[in-house]
Structures are given as structure tokens and as C-alpha cells.
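Trainee: In case you want the letters, here they are:
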Amino acid sequence: MKTYIFCIGGTGTRVMKSLAMLLATGVEIHTDEIVPIFIDPDASAADLTRTISFLREYKYMNEQLHFSDDMKNCFFKTKISEGIPNYRLELSNTRNDRFRKYMGFDSLDIANQALAYMLFSEKNLDSDMEVGFKGNPNIGSVVLNQFAQSDAFNDFTNSFRPGDRIFIVSSIFGGTGASGFPLLLKNLRGIDMRLPNAGNIKDAAIGAITVLPYFNLAQSQDGADDIDSSTFISKAKAALEYYNKNISGNNSLNTFYYLADDIYDMYEYSEGGTTQKNKAHIIELLAALAVVDFCCMDDDMLQSSKGRALNPVYKEFGAASNDEDMIFSSFYDDTRDIIQRPLTEFTLFCKFLNEHLSSSKSHPWAKGKRPFDGNFFNGNFFKSHLVKVINEYGQWLSEMASNHRGFSPFHLEEMNKDVFGFVKGVKPGKVMNYRSNYDLFDYYLCDIEPKVSNNLSAEERFIELFYRTVNKLVADKKIA
Amino acid sequence: MGEFFELLLGNMYCWFKSFYSDFLSQYLWGYNPASGAYDLELRYNSIGLYTLVISFVIMALYYYVIDHPRFCKWWSWLIMALLNSVIALFVGYYCVLSDYNAGIIPDELMYLRDENGEVVQTLISIPSECWSFGISNMIMAFIFFLVFSFLFHWWSRVAKYSPFIKF
Amino acid sequence: MDGYVKGNTGFEQSIYAYLTELQISKIVDSLNLNYVNSRMIPLGNDVEKFIHNIEPIDFRKHGGNLGTSDIAIVLDSVLSRHKKNDVSIFISDCIVSPGNKYASSPQSLDNYLLEQRTKIKKSFVQSLEQAKGDLAVVICHLTSLFDGRFYNKFDHPTYYKGNRPFYVWLIGSTAHVKQLLDKVTLETLKGNGAELENVYTLLASAKKIDYGVLLTPRLGHFDFDRTNPKTAIRNIRKENKGQQGGTFMFSVGANLNQLPLDKSYVLNKANYEVNNKDYVLSVKEQKGGRFSHVFGLSSKIASRGNITITLKNQFPQWVVDKTDFLGDDLEKDGTTDKTYGLRYLIEGVYDAFTSRQKDYAEFKITIN
Numbered sequence: 001m002k003t004y005i006f007c008i009g010g011t012g013t014r015v016m017k018s019l020a021m022l023l024a025t026g027v028e029i030h031t032d033e034i035v036p037i038f039i040d041p042d043a044s045a046a047d048l049t050r051t052i053s054f055l056r057e058y059k060y061m062n063e064q065l066h067f068s069d070d071m072k073n074c075f076f077k078t079k080i081s082e083g084i085p086n087y088r089l090e091l092s093n094t095r096n097d098r099f100r101k102y103m104g105f106d107s108l109d110i111a112n113q114a115l116a117y118m119l120f121s122e123k124n125l126d127s128d129m130e131v132g133f134k135g136n137p138n139i140g141s142v143v144l145n146q147f148a149q150s151d152a153f154n155d156f157t158n159s160f161r162p163g164d165r166i167f168i169v170s171s172i173f174g175g176t177g178a179s180g181f182p183l184l185l186k187n188l189r190g191i192d193m194r195l196p197n198a199g200n201i202k203d204a205a206i207g208a209i210t211v212l213p214y215f216n217l218a219q220s221q222d223g224a225d226d227i228d229s230s231t232f233i234s235k236a237k238a239a240l241e242y243y244n245k246n247i248s249g250n251n252s253l254n255t256f257y258y259l260a261d262d263i264y265d266m267y268e269y270s271e272g273g274t275t276q277k278n279k280a281h282i283i284e285l286l287a288a289l290a291v292v293d294f295c296c297m298d299d300d301m302l303q304s305s306k307g308r309a310l311n312p313v314y315k316e317f318g319a320a321s322n323d324e325d326m327i328f329s330s331f332y333d334d335t336r337d338i339i340q341r342p343l344t345e346f347t348l349f350c351k352f353l354n355e356h357l358s359s360s361k362s363h364p365w366a367k368g369k370r371p372f373d374g375n376f377f378n379g380n381f382f383k384s385h386l387v388k389v390i391n392e393y394g395q396w397l398s399e400m401a402s403n404h405r406g407f408s409p410f411h412l413e414e415m416n417k418d419v420f421g422f423v424k425g426v427k428p429g430k431v432m433n434y435r436s437n438y439d440l441f442d443y444y445l446c447d448i449e450p451k452v453s454n455n456l457s458a459e460e461r462f463i464e465l466f467y468r469t470v471n472k473l474v475a476d477k478k479i480a
Numbered sequence: 001m002g003e004f005f006e007l008l009l010g011n012m013y014c015w016f017k018s019f020y021s022d023f024l025s026q027y028l029w030g031y032n033p034a035s036g037a038y039d040l041e042l043r044y045n046s047i048g049l050y051t052l053v054i055s056f057v058i059m060a061l062y063y064y065v066i067d068h069p070r071f072c073k074w075w076s077w078l079i080m081a082l083l084n085s086v087i088a089l090f091v092g093y094y095c096v097l098s099d100y101n102a103g104i105i106p107d108e109l110m111y112l113r114d115e116n117g118e119v120v121q122t123l124i125s126i127p128s129e130c131w132s133f134g135i136s137n138m139i140m141a142f143i144f145f146l147v148f149s150f151l152f153h154w155w156s157r158v159a160k161y162s163p164f165i166k167f
Numbered sequence: 001m002d003g004y005v006k007g008n009t010g011f012e013q014s015i016y017a018y019l020t021e022l023q024i025s026k027i028v029d030s031l032n033l034n035y036v037n038s039r040m041i042p043l044g045n046d047v048e049k050f051i052h053n054i055e056p057i058d059f060r061k062h063g064g065n066l067g068t069s070d071i072a073i074v075l076d077s078v079l080s081r082h083k084k085n086d087v088s089i090f091i092s093d094c095i096v097s098p099g100n101k102y103a104s105s106p107q108s109l110d111n112y113l114l115e116q117r118t119k120i121k122k123s124f125v126q127s128l129e130q131a132k133g134d135l136a137v138v139i140c141h142l143t144s145l146f147d148g149r150f151y152n153k154f155d156h157p158t159y160y161k162g163n164r165p166f167y168v169w170l171i172g173s174t175a176h177v178k179q180l181l182d183k184v185t186l187e188t189l190k191g192n193g194a195e196l197e198n199v200y201t202l203l204a205s206a207k208k209i210d211y212g213v214l215l216t217p218r219l220g221h222f223d224f225d226r227t228n229p230k231t232a233i234r235n236i237r238k239e240n241k242g243q244q245g246g247t248f249m250f251s252v253g254a255n256l257n258q259l260p261l262d263k264s265y266v267l268n269k270a271n272y273e274v275n276n277k278d279y280v281l282s283v284k285e286q287k288g289g290r291f292s293h294v295f296g297l298s299s300k301i302a303s304r305g306n307i308t309i310t311l312k313n314q315f316p317q318w319v320v321d322k323t324d325f326l327g328d329d330l331e332k333d334g335t336t337d338k339t340y341g342l343r344y345l346i347e348g349v350y351d352a353f354t355s356r357q358k359d360y361a362e363f364k365i366t367i368n
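Protein chains in written order, with the working numbering: chain A, 1 to 480; chain B, 1 to 167; chain C, 1 to 368.
Derived by calculation from the structure, the hints in this document are not laboratory data.
Where a beta carbon is used, it is the ideal one built from N, C-alpha and C, also for glycine.
Derived contacts from chain B toward chain A, CB cut-off under 7 Å, selection only:
1) P69
2) R157
3) V158
4) K160
5) Y161
PhoX-like cross-link-like pairs, simulated, lysine-lysine; straight-line CA separation at most 25 Å:
6) A/K123 to A/K237
7) A/K361 to B/K73
8) B/K17 to C/K238
Put together the whole structure using the sequences plus the hints.
Mentor: The structure is reproduced here in C-alpha cells:
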């Protein structure tokens, strides 16, 4: 069963990245395969670049690991496949032309031009769309209408199978997400029946999350702001009005998630492109959890007929506390049960690799029947990919920790004298073992290594060994 | 076959017989000058057994109790081997000395006497030969420790590959 | 024997002293005294009475044929009455008296002597059989004053007064004889007018003598062979330092005092034979310790193999020396200190014993 995730705009991109991070840590999701599809005219958006780069690394890791019966490992377990080339649904004619030309304004008669002036400002008409719609959903709703005719959409319809699900991620306050989400939904529920699998898509289980404003933008240096974050709220209100009638009002979605926050960080002004590199935010992680939640829902609850959900469900997210810097104990148990253990295990794994691997390589765990030698650690898998993944994950955690509202469940600095005390608000339990800190870690590695099958490849054995070790450590030390 | 094992320890100890006198060696073999037969306690076996047990315990301590990531290199093994050897030195010394003090060592092995019963020559010098035998026991203990290490290191977690990288 | 008992002779006194000593040492349960000529005449067990009753007149009173006495027959009758736990003490001049009938055919004398030898051998062979080899004979050669008629080989008497040899034979099991000799030494026979000149012991003991290799004294090195540490050694090495360098020597202890042999005989190297000529033997007495004597075997060659030390039963020269081969006239022949036919008598006993056991003892050591 595949789950197609349409990630619209910057928020969609960043949510997908958070989801990929969660899946890298082994968060359980009840789907066989995730197929991300990015819809963003801003091809050079730094966040999109980063996310796609991470997805490629994730895909590499997932393909190296094979997940046979011999493996208990959950890291990188869920398949994330490149359903369409570069994961992106290409939008044509948004690169070089201004909106005016795109919509053929000049070819309109005077009456239509007058109508157009009512809908679009001069500024809107003169917008270049290379980096998206700059917070103007009115532009986006015109331009994005084309994707139903794109080759990528055809690839999507061709690959869709009965039982597959669709999820749409967007922000309500941006330009791309706000316009793209309803358009996409309309094109799915009102799909051209001539397209392959149209019937399945029309009545597919579709969920969506719309993310309300969660950050502000500082004013630009030159004062010429195309994007004004003070309009985010008003735009969100306008969009919500629209959704009320045309999405929840007509049961288009089987499940609709809302996510909002009242603490805003001030981001550096960027209209898009390579400079729009927003720090990871807890909202994006929580939005990713909506995907997890959607995949867990039974098919019975997601029935649709004639393009309408029979039992639509609407959900919001609630946290146990309103901490400015959230940690695991800020959430209720349902959320903690999903994320605490996998994140803790993977973080412990990363810390070991960063802080202690070099002095641990001489121990028997690395010198078994099929050793992890210089060739392995200098090889492609470790040096070119795993290290990159670890660094990006660390970066992701750091960004969330430094954001407002922040999410910093871990002490990310080195704590050699209290290695297992890195989970904030959790005191590590004692184990029946006189060894402690990384000595204990090494001991567990050496204990578990002989139990890992030698039939696995070196890469699989490495990840399997460390997964089992951190899994046991986290359980024994009771830190998740 | 039974005799082979019965004499095995004694034969091994005799590799280092040159450290001490033949007379002490005969005592340790259980030679009884009064009967001309080997009917006294085979002390090589009893002392050898103590040394074997101690070596095994220290080996087990190193590989299965301590088994620590920061004490699992070749020098860690060597420290334990030396500790074992030093203990064995004192075990060997003490066993012979206590036998002497208890009067267990036959007089004919201790001294050469003339017709009047006066000592003409001391055949076993106490305590110097106690130390000499202790030294040979020390070497035996090292050998036992090495052999036990070869045999039983497999199931250790962290110290498995010490003293050698892999063996 | 009349000449030995006339008056108070050394013969009487030495026998008296010896028998008294036997009684008071309580080594014997009972003493049965007999006078023997052609037959055995018991005389009770009163030693004093026995001594005072052995004047010639008393011999005659007790009857029997005082004349010719065939020593072989006498010995045979002693042996035939000898029981397992007895020690028989036979006291005699041991003069072979062929008798008058040989005067006419002196050439048959040799046959008679040989016959005596054979008879004695036969008697002792039988006794040895009965005793299962556990029989010892100690023949003591003494001298005492003799005053009386001396009968030559043809039974012609001549008067002689002077010292004459007589013999005391102790016959019994090796252990009993040894016990007797230890408790009442042959010295007791001396100094009461009689002189103890020589002793000859014959043995055929079935009992093994305790012996074994000793750890010291030694030169060089060896290990005991654990399979047989008493009599087998291995890994021998010569001494490599000092004046004794190049020599290998080891010691063997043996309880030779189990044998009722003369001390000087046992300590005389010449009475031993070592089969392996690479080794030179020495013999020493040892006071205290497990063994009474210690053999030293030394060699510059230090060869391996089986070594046998034999304590030989050498036919004593004194028997030959003290044999009167003429038997005519003591003074004319100059044989006052000799005994006619002695050699044949003792040879008979010697043949009987050596047919059973050639040597006194054998000690076997193996060098692996």
C-alpha cells in the first residue's frame, strides 16, 4: 500500500523533510511505501534542494539495507520512492515569464482586463514566478491549475493502485500551498475519468494537513517587500473561509488536520530561491506526525464514494504543555509513544558515531568474522552517505532546538560522563553492569555483535548491530 | 592413560626443575626415602592444582568479570598474567615452606648425615629453594594462564581479542 | 671326643658358657641336650649336669658305641630329628673315621671320603627340601685343649695332649639362626679356654633381602624410574664439576644384616661380583637408616643396562687349610690343628646348598 504525499510549497517541503527524518529514526508508519511529490514552482528553493538531497540519501540507505527476516533494524525501514523524476511535479512557463504574460493579459479584451485588475494588482501582474507566488494564492490558483495536464501527474495516475492513499501537505498562509492545496484536491476528486486509475483516485482515501502561520518574516534590507508576514493571518482567514465551503463543506477529504501555534520566530527575509532556507520547526515535525496518524487509520474510516468522503474526520494537535522549548514530556503519551524511542535511539547512534567511534573501532565488535575495517569506514556507504545523513539529522535537531517555539529534547553536546543523560527530563535508570557511559555502549556492541547474522552485507550488519545496541541501551537505561 | 594424566603436571613442572635441587624435586614427586617408593603425596599435583585453579580464576576474571573496554588491550592481559604469576610465586614459596615447617619433608632429602647423624651437607636449602620453586611455579602459572586464555577467550565480550588482535 | 672332656677343658667351658647364655637370654623355649655316637642319647636339659656328665666315664655309662662314628650318619640323625622351629647345635671333632677295615686297602679311603660327602649332601638336600630352602648352617671352627687318645683314620689310637680343633654346627632356619647369633654371639664361645678360629655360613634362603637404590650418596645425576623406583633408574648423567668430574656414581642400600654372615665377609669386596664391568663396587656398613649396608657403583663410562651385584658363596679356604689329608699321625704329619676329611664333609654341605642357591644374594638394578 503506497501513500502519495503531495508536498506543496515550502512548508510541504519542510514537512516532508521532517517526515523523512522521522522515518530515518525508525518511526513506525503503517504504509509500505511513501511517494513524495513536490509541487513548487520555486525549483531552486534551498529547502527543496535540501529535502530532495536528504531523500536521495534516505533512498540510498534504504536500498542498502534490504530488511530481511534476519534484521530487527527499523532505521530507514520505510521505503521512500521517487515516483516521479526528481520527486517534483514540474510547472511549465513559470521560469522566465511574468504573470501578466502567463495569463495572457495582453490578449484579453478590455472587459476581461478590467476584471483581471479586480483580482490582481499591478504588482501581481508584474510578478515573476520563478521563486513561487510570494504569498499570493490568487496567482498560484491560476498557475497551478496546469499540473493536472502534466506528465508527472500522468505518472502518478498510472502508478496509483487500489488501496493507495493520498496526503496533501501545505501551508495556509503562503502562496503556493494556499492555492495549490484546494486545486490539487479538486483535480483529484474531480479527476478526468479518461485518465488511468481515475476511479480509484476519485474515491481514494485522501487526507491533508494545512499549517497555519508559525513564523514571521523580518523586513527586507531595501524595504521593497513582496512578502509581508503581517498579512499571513488575514490570508489564512480568507483561505479558511474558502476551505469551510469547498473542502470541509463538501466532504472532499477523509481526514483533515489543522496545525497552528502562537509563538512565532522571526525568519530572515527571503522571497524564495536559494536564500529561502528556513530553520526546521517543531510544527513541521508535528505535521509529519499527521501523515503517520493518517496511515494508521483503518480503511473503514476512510471510505469515499463518488468523490466524497463518507465519514470525514477533522483533527487538531494538542500538547501537554505550552513550553517555549518543548521536550518529550511536553507531549502526551500518544505522541511520545510514536517519537520518543526512535528519536532517542537514532540520536544515541549519531552521538556514538560522532563522539566515540574512532576510539571504539579496535574493540571486538569491529573485528568479528567479517570486520568493519578501514575499507568499510572509508567506503562509500559510511563516508559518503551515512556520515552525511548523521550530519543532516544533527542539523535538523539543532535547527528545531534553536527555533521558537523550539523543540530540544536532547542535550546535543558531548556528555562523556553522563552519556545516557542526553534526554532532557529523563533520568537514566541503572543497569546491572558496572560499566558506564561509552564503556557500556562498547560492551553492549561486543555482546550483540556475535548475534548479528553473518549472512548480511557489511552495511546491513553495521546498521543492524547499532540498531540492536541502541535499542537495548535505551530500553535498559529506560530513557524512552 | 590414567598414569599419563596423573604425572602430567609433574612432568610439566620438571621443565623448570633446574631452578631448584633434585632433592626438592624428588620430594615434590612424592618420593619416600624410607620405603624407596613414590608413596608420599604427589605435591606437584596438589600445588599444580592450586596454580591451575588460580590461573583459571584470574583468566575468568579478566575475560568475563572485568571485561572492560578500557582494560582489554594486550597490556591489560599482561597485567593480569603478571598478577597471576606473582600470586603463583607466593603459592609455590608458601607450600614448600609450610611443608618444611610442618616437618613433612623427609630428613634424608633435607640433609646428608654422617654415621653419627651429624649434618654433612644440606640438600634442600630453605628458604632459598622455596623461592626457586616459587619462580618455577610462576612460569608454570604464566603458561597455564596463556593456555586458558587461548581456550576460553571466545565468549568474552570486549576482551575477546586480547592479548592478540585475533587468534 | 674323650680327650676334649677330660677334666675341665676349654671345650667344656666354652660349650657351657654358650649353652648357659642360650638359656638365660631366653632366646630358646627349651634346650634338649644329647650325646651322640652311633645313636642319639638324650641327656635332659640341665646344662650344668650335662657339662659335668661329659667326662669319658660318663660317656661310657650312657652306652653307645664309643668307637667309630660315621659323621655322615651322625649328621643325618641330627637332621632327621630336626624340626621347623628347632635350631640344632651339633658339636663334634668332625674327624672322619673310615676304620680299621680300610687299613688293608688304603686306596679305598678316597671312595669312603667321597661317599661321606655324598651322604652328607643327600641328607642336607633332603632337609633343604623339607625346609623349602629356608635352612642355614653355621659351622664354627674352634680349638680347645685335648688330652687323650687320638684315633687316626685307621682307628689306631695315639696319646696326644695339646690343642685340637672342634666344630660347632648351628642348623636351623635363616631367621632363627640369625636371631640366635644376634642374641648370643659366637664371641660367647671364645675366651673360656676355647678359641674361635673360623666360621663358615651356608644359606639357601627363600626370603628376599630388602634392597633399593638410594638418592645419596651419588655423583652426577639420575632419576628414579617411577615404574620401579627401588631398582630402576634413568636419565643418568656424569658429574660435571670438581675433582669427581666425569664420574657417575650411585648407591644401593641392602639389608645384608638379615643374613647370618660374618661381618668381615660381607664387607670384603672380593666376595662380590658385578656383571657390568664398567662399574666398580664399594661396600660400606651403615649405622642407622633403612639399610645396614650401602653399595657404591661408580663408572667413568656410565653405561646403561642391567647391573647385578652378587654376594658369592665362596668355599672357604680355611676349610682346605684345616683339612688333614693324611690322617695318620698328628705330630709326625704336623696336622695337630687339622681335621681328617673335613673338606669332604663341608663340601657335601656346600654342594647341597649351592645346588639350591649358588650365591648368598643377588641385587639387580636396571639403568634405562
